[in-house]
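Enquirer: Here's the letter readout for the chains.
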Amino acid sequence: MKTKVHERLLATLSQCVAMAALTTFSSTALAQPAGIAPEAKQILKASTDFLASQQQFTAETRNTLEIVLKSGQKIEFNSTGRQSVQRPNKLRAERTGDLVEQVFVYDGQSLTLSNPQQKIYAQVAAPGTLEEMLDFARTKLDIVAPAGDLVYKNAYDILMDGVTDGIVIGKAVIEGVLCDHLAFRAPQVDWQIWIQQGAQPLPRKIVITTLDLPNAPQFAVTVTQWNLKPTFDAQTFKFTPPAGAKQIDFLPL
Amino acid sequence: MSKNRTLQAVVVTTALPLFYLAGVSSEAPTGLTLLREAHAVVGAPMTPVSAAGVARRTTRRVVAAETTTAAASTAATQQQQAATAQQQAATAQQQSATAQQQSATAQQQAAAPRPPGAPAVGSVVTALPAGCKPETRSGVEYQNCGGVYYRAAFQGNNLVYVVQ
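Protein sequences appear in the order of chains Z and C. Each residue of the first sequence is one higher than the last, beginning at 520 in the working numbering. Each residue of the second sequence is one higher than the last, beginning at 442 in the working numbering.
Think of the hints as simulated: they come from the structure by calculation, not from any bench. You may find that some hints are simply not true.
Stated by the list, open to error - Derived EDC-like pairs: lysine to aspartate or glutamate, alpha-carbon spacing no greater than 20 angstroms straight-line:
{"no.": "1", "chain 1": "Z", "residue 1": "K638", "chain 2": "C", "residue 2": "E576"}
{"no.": "2", "chain 1": "Z", "residue 1": "K757", "chain 2": "Z", "residue 2": "D626"}
{"no.": "3", "chain 1": "Z", "residue 1": "K672", "chain 2": "Z", "residue 2": "E694"}
{"no.": "4", "chain 1": "Z", "residue 1": "K748", "chain 2": "Z", "residue 2": "E613"}
{"no.": "5", "chain 1": "Z", "residue 1": "K659", "chain 2": "Z", "residue 2": "D617"}
{"no.": "6", "chain 1": "Z", "residue 1": "K672", "chain 2": "Z", "residue 2": "E585"}
{"no.": "7", "chain 1": "Z", "residue 1": "K765", "chain 2": "C", "residue 2": "E576"}
{"no.": "8", "chain 1": "Z", "residue 1": "K564", "chain 2": "Z", "residue 2": "D731"}
{"no.": "9", "chain 1": "Z", "residue 1": "K757", "chain 2": "C", "residue 2": "E576"}
{"no.": "10", "chain 1": "Z", "residue 1": "K765", "chain 2": "Z", "residue 2": "D568"}
{"no.": "11", "chain 1": "Z", "residue 1": "K560", "chain 2": "Z", "residue 2": "D654"}
{"no.": "12", "chain 1": "Z", "residue 1": "K638", "chain 2": "C", "residue 2": "E582"}
Bound-form chain Z, shown alone:
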């Protein structure tokens, strides 16, 4: 008898919660209009244009990546990254994670991928601009360069390719910075972006949800620090093999 009461209580409780949730949603999320809201486009475009106009910058990032095991269980991996960019043709990206450490260097002539812990690196001649190099790395070598799509001068077009819906969710605070929170949908992906308010509309966080993989894993990047006036030295975009490092090949696609 006691159990039954308990169960009934629980049922009532969960109904209440469900109704409360429904009420909240119906006033906000469910009210979303179809199509891309002009304001969402406008905020995003302002951000990508602003970044494209920056000749050099660094970004410190914190990344989380979900993987889905065959059982359906989700596992999250964390890493931190530091990206240094100098337009039109220099990039250095370092990543340190739970189990991996990797450095990517592009000096305008060649790109190098290095795993310092394993003392190995591979180097290959690369095209002369950041955009061409990123295309080359992605299509010929299957390398996803850190901060890649953000670096493209036409980042807006790349991002909005295939997007069917876009809304402004509202205000949010990321890493203590007031942002506009936008959400977009494309056929296989939902993505959200948080863009700093004010004169410097920098992207502060991005979450990507892949819809056509089981359990829709997410990848999130939070920029913990932007520096638009970095000081680079001669070593920043130059790869010097560590002592004892061995050179290996890239397997082309």
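Dock chain C against the given chain Z, drawing on the hints supplied.
Expert: For chain C alone, coordinates are given in the frame of chain Z:
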């Protein structure tokens, strides 16, 4: 005995920062090892804006993950290995002539006493079996794992080993 025991196909979408591990059987190495490999497979200097990457992804790549216990290959596995080998052969054309020569030399040197059940030449693994020793030939470092030679390479962002 099954193909799962010998060789597991890990299907990975590498053109984007999101991936799914398939074909991980209960006979695979321990969870930690799996995760370690999984992370290696992710490769992830992820682009913060890879939403575009999801839409643009075109390539699906099959990475063969070898378990440490080698068993007899089934016909299916061999087909898979052959397919991988074909891919490798295609990519090899793009590699430098020197690398091909070195590779060929190493294959000749290593070919004679190939142990039974050795993985197919040209197949790619994400982790080496236990007990490998480095050996340098013609200036290239190989890993000698019980008579099977492996050469390290980057496949995308991931460190892999190509069976010689």
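Enquirer: Given the proposed pairing of K638 of chain Z with E582 of chain C, does the C-alpha separation stay at or below 20 angstroms?
Expert: Distance of about 12 angstroms is within 20 angstroms: holds.
Enquirer: Can you confirm whether the C-alpha distance between K564 of chain Z and D731 of chain Z stays at or below 20 angstroms?
Expert: It is violated: about 27 angstroms lies between the C-alpha atoms, which goes past 20 angstroms.
Enquirer: Is the straight-line distance between the alpha-carbon of K672 of chain Z and that of E694 of chain Z 20 angstroms or less?
Expert: Not OK: K672 of chain Z and E694 of chain Z at ~26 angstroms, beyond 20 angstroms, violated.
Enquirer: Quickly compare the C-alpha distance for K638 of chain Z and E576 of chain C to 20 angstroms and report which way the hint goes.
Expert: Distance ~16 angstroms between K638 of chain Z and E576 of chain C Cα, so the pair holds.
Enquirer: Tell me if the straight-line CA distance from K659 of chain Z to D617 of chain Z falls inside 20 angstroms.
Expert: violated, 28 angstroms
Enquirer: For the pair supplied as a hint, K757 of chain Z and D626 of chain Z, confirm whether the alpha-carbon distance does not exceed 20 angstroms.
Expert: It holds: about 6 angstroms lies between the C-alpha atoms, which stays within 20 angstroms.
Enquirer: Given the proposed pairing of K765 of chain Z with D568 of chain Z, does the C-alpha separation stay at or below 20 angstroms?
Expert: violated, 40 angstroms
Enquirer: Is it true that the CA of K748 of chain Z sits at most 20 angstroms from the CA of E613 of chain Z?
Expert: The hint holds at about 19 angstroms.
Enquirer: Hint check: K560 of chain Z vs D654 of chain Z, CA-CA at most 20 angstroms. Holds or violated?
Expert: Given that 20 angstroms is the threshold and the Cα spacing comes to 25 angstroms, the pair is violated.
Enquirer: Would the pair K672 of chain Z and E585 of chain Z pass a check requiring their Cα atoms to be no farther apart than 20 angstroms?
Expert: violated, 29 angstroms
Enquirer: Please work out if K757 of chain Z and E576 of chain C have their alpha carbons no farther apart than 20 angstroms.
Expert: Violated - the C-alpha atoms of E576 of chain C and K757 of chain Z are around 30 angstroms apart, more than 20 angstroms.
Enquirer: Given the hinted pair K765 of chain Z and E576 of chain C, is their Cα-Cα distance within 20 angstroms?
Expert: holds, 13 angstroms
Checked against the numbered hints given earlier, the structure breaks hints 3, 5, 6, 8, 9, 10, 11 and satisfies all the rest.
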